[in-house]
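Novice: Spelled out, the chains give:
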Amino acid sequence: MVSVRSVYTQPSSLTYSDLPWIIEHREDRCTLCGQCTAVCPKQAIYLTYRRQRVPKLDILKKKRGNEYRHFVGIRQNTEVDKMCIGCGMCSSVCPNEAIGPVPNPNEHRSKFHMDQKGDSWKRGGRRNLSGRTVLDRLSFGRISMLTDPALDAGRHEFNANTILGRVLPPEEYIRRQAAGEWIPPTREIFPFVIGSMSFGGLSPNMWLGLLQGVAYCNEVLGIPVVMATGEGGCPPWVLKSPFLKYIILQIASGYFGWDEIIRAIPEMQCDPAAIEIKYGQGAKPGDGGLLMWFKVSKLIARLRGVPEGVDLPSPPVHQTLYSIEESVMKMIQTMSMAFNFRVPVYPKISGSTSAKSVLNNLVRNPYASGMLIDGIDGGTGAAYNVSMDATGYPIASNVRECYQDLVAQGRQNEIPIFAAGGVGKNGNVTQNGMALIMLGASGVHIGKYIMQACAGCLGNELGRCNVCNVGICPKGITSQNEKLYRRLDPDDVAQRVADTFSSIKTEMKKIMAPLGRSQSLPIGMSDALTIDDKDVADRLGIKYAC
Amino acid sequence: MCRLALKTADTPFSPYEVLTGMEAMQEGYDGSGLGLLLRGVSFEDYKYKKDEQIILSGIAHTEAAFKRLQRLMEERGFEQDYDHRFKVDSSQIDTSDRYQYIVRVYKKPEGLTEKELEDRLMQTRLFLRKNGEEHGNDLTIFSFWSDVVTIKEVGWPLQVGDGLGLNDERIKARVVMAQGRQNTNYGINLYACHPFFIQGIATMTNGENTAFVPIKEWLEGKKIPGYMGYQSDSEVFAHILHYVTKRLNLPLAAYKHVITPLKTEELNAHPQGDFLKGLRTACRRLIIDGPNAIIGTLPDETCMLVMDQKKMRPATVGGRPGAWAIASEMCGVEALVPDRDPALDFQPMREHTVIIPPERKELQIWSQFDQFTLSQAA
Ligand code: SF4
Ligand code: SF4
Numbered sequence: 001m002v003s004v005r006s007v008y009t010q011p012s013s014l015t016y017s018d019l020p021w022i023i024e025h026r027e028d029r030c031t032l033c034g035q036c037t038a039v040c041p042k043q044a045i046y047l048t049y050r051r052q053r054v055p056k057l058d059i060l061k062k063k064r065g066n067e068y069r070h071f072v073g074i075r076q077n078t079e080v081d082k083m084c085i086g087c088g089m090c091s092s093v094c095p096n097e098a099i100g101p102v103p104n105p106n107e108h109r110s111k112f113h114m115d116q117k118g119d120s121w122k123r124g125g126r127r128n129l130s131g132r133t134v135l136d137r138l139s140f141g142r143i144s145m146l147t148d149p150a151l152d153a154g155r156h157e158f159n160a161n162t163i164l165g166r167v168l169p170p171e172e173y174i175r176r177q178a179a180g181e182w183i184p185p186t187r188e189i190f191p192f193v194i195g196s197m198s199f200g201g202l203s204p205n206m207w208l209g210l211l212q213g214v215a216y217c218n219e220v221l222g223i224p225v226v227m228a229t230g231e232g233g234c235p236p237w238v239l240k241s242p243f244l245k246y247i248i249l250q251i252a253s254g255y256f257g258w259d260e261i262i263r264a265i266p267e268m269q270c271d272p273a274a275i276e277i278k279y280g281q282g283a284k285p286g287d288g289g290l291l292m293w294f295k296v297s298k299l300i301a302r303l304r305g306v307p308e309g310v311d312l313p314s315p316p317v318h319q320t321l322y323s324i325e326e327s328v329m330k331m332i333q334t335m336s337m338a339f340n341f342r343v344p345v346y347p348k349i350s351g352s353t354s355a356k357s358v359l360n361n362l363v364r365n366p367y368a369s370g371m372l373i374d375g376i377d378g379g380t381g382a383a384y385n386v387s388m389d390a391t392g393y394p395i396a397s398n399v400r401e402c403y404q405d406l407v408a409q410g411r412q413n414e415i416p417i418f419a420a421g422g423v424g425k426n427g428n429v430t431q432n433g434m435a436l437i438m439l440g441a442s443g444v445h446i447g448k449y450i451m452q453a454c455a456g457c458l459g460n461e462l463g464r465c466n467v468c469n470v471g472i473c474p475k476g477i478t479s480q481n482e483k484l485y486r487r488l489d490p491d492d493v494a495q496r497v498a499d500t501f502s503s504i505k506t507e508m509k510k511i512m513a514p515l516g517r518s519q520s521l522p523i524g525m526s527d528a529l530t531i532d533d534k535d536v537a538d539r540l541g542i543k544y545a546c
Numbered sequence: 001m002c003r004l005a006l007k008t009a010d011t012p013f014s015p016y017e018v019l020t021g022m023e024a025m026q027e028g029y030d031g032s033g034l035g036l037l038l039r040g041v042s043f044e045d046y047k048y049k050k051d052e053q054i055i056l057s058g059i060a061h062t063e064a065a066f067k068r069l070q071r072l073m074e075e076r077g078f079e080q081d082y083d084h085r086f087k088v089d090s091s092q093i094d095t096s097d098r099y100q101y102i103v104r105v106y107k108k109p110e111g112l113t114e115k116e117l118e119d120r121l122m123q124t125r126l127f128l129r130k131n132g133e134e135h136g137n138d139l140t141i142f143s144f145w146s147d148v149v150t151i152k153e154v155g156w157p158l159q160v161g162d163g164l165g166l167n168d169e170r171i172k173a174r175v176v177m178a179q180g181r182q183n184t185n186y187g188i189n190l191y192a193c194h195p196f197f198i199q200g201i202a203t204m205t206n207g208e209n210t211a212f213v214p215i216k217e218w219l220e221g222k223k224i225p226g227y228m229g230y231q232s233d234s235e236v237f238a239h240i241l242h243y244v245t246k247r248l249n250l251p252l253a254a255y256k257h258v259i260t261p262l263k264t265e266e267l268n269a270h271p272q273g274d275f276l277k278g279l280r281t282a283c284r285r286l287i288i289d290g291p292n293a294i295i296g297t298l299p300d301e302t303c304m305l306v307m308d309q310k311k312m313r314p315a316t317v318g319g320r321p322g323a324w325a326i327a328s329e330m331c332g333v334e335a336l337v338p339d340r341d342p343a344l345d346f347q348p349m350r351e352h353t354v355i356i357p358p359e360r361k362e363l364q365i366w367s368q369f370d371q372f373t374l375s376q377a378a
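Taken in sequence, the protein lines are chains A and B.
If you count the first sequence from 1, position 403 lands on 403 in the UniProt record's numbering, and the numbers rise without skipping.
If you count the second sequence from 1, position 252 lands on 252 in the UniProt record's numbering, and the numbers rise without skipping.
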């Protein structure tokens, strides 16, 4: 008999059935090879030595007794910080199909204990809101039929590129051409941009894979994909390579990595695609960036000019700037000047009710080259759960409002609006992106989708995985631990990047062809969009259909 | 699909000729309407002087509207010189609310610069149009310009021609453009009928412009007087031509570069590639997406034909020195200029702009891959 007092229980004691994922282990199949426990990034399972009492009754000897069986078994950890994240790495390495996580349909008592040591349990990943988004529900209802026949997506030629950079009003362009004056730089790019995921956030293998893939898209497939770096600079060899032209360099409020970039300017073989100044991020508006100490490896420390293994928080605002006017004047102009006015410079802001005022300010600044609005469904490698889940503004109406504001001024061609935040969240990347384009965006940034499609990121909106911040990414995508990131082969990532963009391009044609559209991206072609929700239709100024 | 026909000739001819050309192509339209634009006009019983006079075209649907029009024009200081009366056979006209078809000649106001005059004429047209709309659409105004007569009516084109007595030789012109079929993509409305007119520039189009909404939004946002209306997606073609030639002061050859720019690879090899790439970027909202064949005329009697990039609409041009025709189909050209060498008929491809200069000696086929004169960009 075990005494009650000896039962180990304290307020945060949980059983494994209180956790979101329960490990199902079949002892009949398991050969105890230990591969699962070795691969588990969370130490959610452990091999343990057990002793089992086997009652023994020998009738002839009239003697009772016990025997003990000793064996090695696998058990699940019930501590919150070691709780299973359902990544399924254990099942993918198990040679005997003996183990794997199953989602726990019960209420998760662990929810109440996730704030241990005063910290949020999750500081990265996704929003934990699943289901179809407004973007998923937008459909393309204008089908060409009679006076304008639909096109053939396979046979016709399509121009699906967009312009990044400030576009002058035609009169002004002609005047400046004649007078030999400065014409703001523009780039013709593919409208799906690999959004900012920093060199510290991603593992070196992931970064290399993306870079190779982007170069392949540009140079072999003729799809002018560009990718943004996120804060924290860029490896010096990239800065000095011809690949730089496919890269949007980001400067954020921590200014990490910027001295490295500035020092490399004289040695650059070409200009970067653009400079992105990050003011805000949709997944955590009003919050600065954060690279947690786990990920500040030797290389990252060198790139960012900081000591190894320390947290790298960026303040939520650029410390030297106090207003958008000032920032537009100082940052955008300074950055344009640093690259001799040959590189587009634009800000990234988080979606909010004030996006329109920022935009109007940019319109009046001749050096601003665009605006990126990042909405609430964006992902991040580091943010409090409550920021991700409940702070922010949805992207669809934000983009639409801004675009319509420009339309009213007859300037919608001038400041291209890029949109981000949940594009491809449920896998419908082309549909989501094209819907935003028809609402008025010139292009979209995609991050999570790229990690999932090109590197096999396991995270989902149901809380699966989401350990990007702590450096134990089971796939090696967001880890700086070489034991983990060696799991990811850059060549394979590159291959997937090429596959992904080729199929996005094909799908774009499949959307454009029925609309009879082939010569230019259907930016603002709101007459093509319908939705089965009257209120949303009214809000977005599109057709309601059911 | 609508059918389009244009004839341009040194000697003025009856617009009825073009209607017979339309008849040749009758299988291509449903006979729901007719739009006619005449340029280089002469009247049998009146000597019209292009340099001194302007012509107002439209329809007064009621007597009150007609009287109001007279009064408004007087109030605005326009002095009437001549009032053309059609010999209307109302049994041939489907509609009943046509009190008076208006083709009236006024004296050109004096003491204005050319630009001021152009603006004044347009403002007057827009004012009258608005006035009609305010009075339950009892007044429809198509054009107000020197040397341009516009007639639009619902019905089968030849029947409309008979109804208005257009075959009586009382009115002739050197350039006549005609379109069969009302615009049926949006509601039936006389303003939605081709050809479209703005400050001497007129176009008519086959097909539908898929990029209509973004183009329209951009043009409206420019707040340029006259860039309004848009009962038809084809109206933007006239306005883009106006914008390119009058606002950007670019040569006619640039029109095609604006509406259907070349690809980047092609522009990389183009002698004016850098300028054109910039132009493409700046005018990106004006890229049309077809399928369209656009036929237009300019104030100096230049005529032109361009296609959208995919060339999904038929159009052909043929003729001889002194007389040329552009039509949706070969039989239309045949009906309009039978005494030509049909072997020289030309169907433009996606890169071509066909231009018939005012001298009408020969066709100019201008390719988008060629260099064009552009002093500023040189
Ligand atoms: S699913 Fe992932 S976290 Fe859970 S036990 Fe298996 S390897 Fe560990
Ligand atoms: S697989 Fe890696 S990148 Fe994806 S959610 Fe998990 S930790 Fe983050």
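Read the hints as simulated data drawn from the structure, not as lab findings.
We put the CB at the ideal spot given by N, CA and C, even for glycine.
Do not rely on the hints blindly, as some may be mistaken.
[Stated by the list, open to error] A few chain B positions that, by computed beta-carbon distances, are all more than 10 Å from chain A: (1) Asp10; (2) Gly77; (3) Glu116; (4) Arg120; (5) Glu217; (6) Tyr243; (7) Thr245; (8) Pro271; (9) Gly290.
[What the hints assert, rightly or not] Simulated restraints on C-beta separations: (10) Ser367/B with Leu221/A: 26 to 34 Å; (11) Ala179/A with Ser90/B: 40 to 48 Å; (12) Leu117/B with Glu157/A: 53 to 61 Å; (13) Asp499/A with Glu266/B: 53 to 61 Å.
Novice: Hints first: check each against the structure and report whether it holds.
Specialist: Hint check results:
Every Cβ of chain A is farther than 10 Å from the Cβ of Asp10/B; the closest lies at roughly 35 Å, confirming the non-interface assignment. No beta-carbon of chain A comes within 10 Å of the beta-carbon of Gly77/B; the shortest separation is about 32 Å. Glu116/B, annotated as away from the interface, keeps every beta carbon of chain A farther than 10 Å; the closest lies near 20 Å. Arg120/B, annotated as away from the interface, keeps every beta carbon of chain A farther than 10 Å; the closest lies near 22 Å.
Distance to chain A contradicts Glu217/B as a non-interface residue, since its nearest Cβ pair spans about 5 Å, not more than 10 Å. Against the 10 Å criterion, Tyr243/B falls within the reach of chain A, whose nearest CB is about 8 Å from its own CB. The claim that Thr245/B is not at the interface with chain A holds, since no C-beta of that chain comes within 10 Å of its own (minimum 12 Å). Against the 10 Å criterion, Pro271/B stays outside the reach of chain A, whose nearest CB is about 15 Å from its own CB.
Annotated as non-interface, Gly290/B brings its C-beta within 10 Å of a C-beta of chain A; the closest such distance is 7 Å. Separated by about 30 Å at the C-beta atoms, Ser367/B and Leu221/A satisfy the suggested range of 26 to 34 Å. For the hinted restraint 40 to 48 Å between Ala179/A and Ser90/B, the CB-CB distance of approximately 60 Å leaves it violated. Our hint of 53 to 61 Å for Leu117/B and Glu157/A is violated, since their Cβ atoms are close to 45 Å apart.
For the hinted restraint 53 to 61 Å between Asp499/A and Glu266/B, the CB-CB distance of approximately 29 Å leaves it violated.
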